[in-house]
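In order, the protein sequence lines correspond to chains A and B.
If you're matching positions, the first sequence starts at 7 in the numbering used here and goes up one per residue.
If you're matching positions, the second sequence starts at 75 in the numbering used here and goes up one per residue.
By construction, these hints were calculated from the structure, which means they are not laboratory data.
One or more of the hints may lead you astray.
Here chain A is said to cover these stretches of chain B; the calculated rule only asks that three of the stretch's residues, wherever they fall, bring their Cβ under 8 Å from a Cβ of chain A [stated by the list, open to error]:
#, region
1, 145 to 153
2, 174 to 186
3, 200 to 210
4, 227 to 236
Within a straight-line C-alpha distance of at most 27 Å, the following computed DSSO-like cross-link-like pairs (lysine-lysine) qualify [unchecked claim]:
#, chain 1, residue 1, chain 2, residue 2
5, A, K304, A, K184
6, A, K289, A, K168
7, A, K20, B, K211
8, B, K210, A, K20
9, A, K168, A, K189
10, B, K290, B, K211
Partial list, computed: chain A residues near chain B (C-beta under 7 Å) [to be verified]:
#, residue
11, A54
12, Q56
13, G60
14, V61
15, A63
16, E68
17, K70
18, E87
19, D92
In this text the structure is predicted, and so the values were computed from the model without any measurement.
Glycine included, every Cβ here is placed at the ideal spot set by N, Cα and C.
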Amino acid sequence: MRDTFVRTLIEIAKENSQIEVVSGDLGFGVLKPFYEQLPDQFINAGIAEQNMTGVAAGMALEGKIVFTYSIGTFPTLRCLEQIRNDCAYHEANVKIVCIGGGFVYGSLGMSHQATEDIAIMRALPGVAVFCPGDLVEAEEATKAIVNYPGTCYLRLGRGGEKRIHDKIENFQIGKAIKIHDGKRVALFSTGAIFEEIRGAEEILSQSGICPAVYTFPTVKPIDCKTILECAERFDLIVTVEEHNIVGGFGSAVAEVLSEQGNYAPLLKIGLHDTYSTLVGNQKYLRAQFGLDAAGIAKQILEALT
Amino acid sequence: MDSNHISEQLAWLIRRHGVEMTHLSGGSHIGAVLSVADIIAVLYAEILHVDAQNPDWDGRDRFILSKGHAGAALYAALAECGFFSTEELKTHYANGSRLSGHVSHHLPGVDFSTGALGHGLSAAVGMALAARQDGKKHRVFAVIGDGECDEGSVWEAALFANHFRLENLVAVIDHNKMQSLDFCENTLELGDLAAKWRAFGWNTIEVDGHDHAQLKKAFDNIDNDRHRPTVVIAHTVKGKGISFMENDILWHYRFPHDGWEYDGAVSALHAVRPEGVVDPYTPEGVPDPEKPGADADIGNDHTMSAGYHPHFFGREAKP
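Construct the complete structure from the given sequences, taking the supplied hints into account.
This is the structure in structure tokens:
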């Protein structure tokens, strides 16, 4: 997903000299194709995320489209006030790119796990939040945010996440994408956790449950229409995110549901307001917190009984 | 009329507006407004290429007041330069006003909103970098506080600006030696501030921050063949120009109240009013100024170190 983002951005930046990448001293190997081909559109700001983000705001106010690039929580939480005051308040064209949403850097420990970032970015007025679920969504989201005025947050996975889509016709900011229809359960997923959904579906099918599945590459603005339609048609709405269940994608869906009277109950699958103290890779940590296919399926089955 | 006289007039008006604005609004930070008044006056009267009729003109010099709590000084300068009416200054802090306590860019002539310290220099660095990349000739100025230098982001920006040789960037430090609760040296020892900036590679100039000729010379110093960013360390006095406010931390927060405080502040300014300046509020000054009583809070030590005596370290507070 990381490489897809860089490749896509190189293509766009070659056509648009106003695009800049400012890295917080990260992207070894990954950003090399960018800075070798577009040296005048790249800055390494060093290990200094506050300044990186303030500089990006200043450049954006001079007409540039600036991508800040770092990993985990560094491009968001470390410089939250710069994002709020300098970028969002000024409607600055800054695109904050996080490599490693969720447990991507699981084995590196809690310091490198971005598990509250969606909630915190979503709470900032004027910040649009994107969590692509596969390489195709990553490519489409990258293209979309270049043309979206103002501050955006792009939360990416790291590796060769599974392809969901062959291609996406008419990708739209704020629109969920239906993968397939189903019965009783509507399953909403955001971000790279989608790769667990297929496995969960297989487990559920053994119990005769065939959920409708949607992916939400945009968490803010959220697709109210799809959520409300599903709330009327299905018995249970399930949200899945590699993130705390407080304030994140599940909460965004809950906010929409709570504004209408008669809706399906909501099951939020994510981290239950905890940090991980365990050591292990992304796959292992997902399983420990019920975010692997088996855990997702189990929670859905329990909610249906 | 020589140029110093024009900037002296503007500085006086900034101080007079500052007193009135904080008096009317009950707003804080008159001490900082008085401290930075000469710096802003010289910049707006003599240095900055800006156009009140075309505030977004791309060729303008950029200006960021990073110590946004002194916003009244900037608002006053902008109003006097014609960006909006001086009448609007009276709305400072008021419901429905455009003039928030800290600097807002929702106002013509303001390039960047500030208020949280440690932001403005990075934004100025970004603007200076973009100008260099795009081959533009304007300069970028940022005024920061000495207490603001406690913020780590200031030093991140200092490293960055030197590394990228942003010779079109000028940082001005309003070095009044005081911050929120105490003198800087009693808060987080800054030591030799100029040596620190020199060590970060900057073209470092120290001036008397109330001497307009020195300020102008420093800001004009573009003869900088090392291509380094410039920092002008302006030695100032917090509360400058109103003796009972000078070097008293009380006036970081207190506003001039009705009675001897307001009368005394206006009278102090009228005593040094430059020729040709009209006071828009009290043209003749205060005719019969109230005098401070025996219980007036003048000359008392309001610093934290006056009442803070920890046992775990042996530093002596400095006056």
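Taking the hints in turn, this is what the structure says about them:
By the rule of at least three residues with a Cβ nearer than 8 Å to a Cβ of chain A, the coverage given for the region 145 to 153 of chain B is violated, with 0 such residues. Restraint check on the region 174 to 186 of chain B versus chain A: 3 residues with Cβ-Cβ distances below 8 Å, three needed, restraint holds. As drawn, the region 200 to 210 of chain B meets chain A at 8 residues by the rule of a beta-carbon pair under 8 Å; at three or more, the given contact holds. Remark: the region 227 to 236 of chain B is confirmed as covered by chain A, as 5 of its residues place a Cβ nearer than 8 Å to a Cβ of that chain, reaching the required three.
For the hint pairing K304/A with K184/A, the CA-to-CA distance comes to about 23 Å; that is within 27 Å, so the pair holds. For the proposed pair K289/A and K168/A, the alpha carbon gap of about 14 Å is at most 27 Å, so the pair holds. Only pairs whose Cα atoms come within 27 Å are accepted, and K20/A paired with K211/B is accepted, the gap being roughly 25 Å. A threshold of 27 Å between alpha carbons decides the hint, and for K210/B with K20/A the separation of about 22 Å falls inside it, so the pair holds.
Between the alpha carbons of K168/A and K189/A the distance comes to roughly 24 Å, so the proposed pair stays at or under 27 Å and holds. Taking the CA atoms of K290/B and K211/B, the gap is near 19 Å; set against the 27 Å cutoff, the hint holds. With a least beta-carbon distance of about 4 Å to chain B, the hint placing A54/A at the interface is held under the 7 Å criterion. Annotation: Q56/A was flagged as interfacial toward chain B, and the flag holds, the nearest CB pair being 4 Å apart, inside 7 Å.
Because the smallest distance between the Cβ of G60/A and any Cβ of chain B comes to about 3 Å, under 7 Å, the interface hint for this residue holds. The criterion of a C-beta within 7 Å of any C-beta in chain B is met by V61/A, whose closest approach is roughly 4 Å, and the hint holds. Taking 7 Å as the C-beta contact cut-off toward chain B, the hint placing A63/A at the interface holds, the least distance being around 5 Å. Contact between E68/A and chain B, as hinted, is supported at the beta carbon level, the nearest pair being about 4 Å apart and thus within 7 Å.
Taking 7 Å as the C-beta contact cut-off toward chain B, the hint placing K70/A at the interface holds, the least distance being around 6 Å. At its closest, the beta carbon of E87/A sits 6 Å from a beta carbon of chain B; the interface hint therefore holds under the 7 Å criterion. Checking D92/A against chain B by beta carbon gives a least distance of about 6 Å; that is within 7 Å, so the hint holds.
This entry does not satisfy hint 1, going by the numbered hints stated previously; all others are met.
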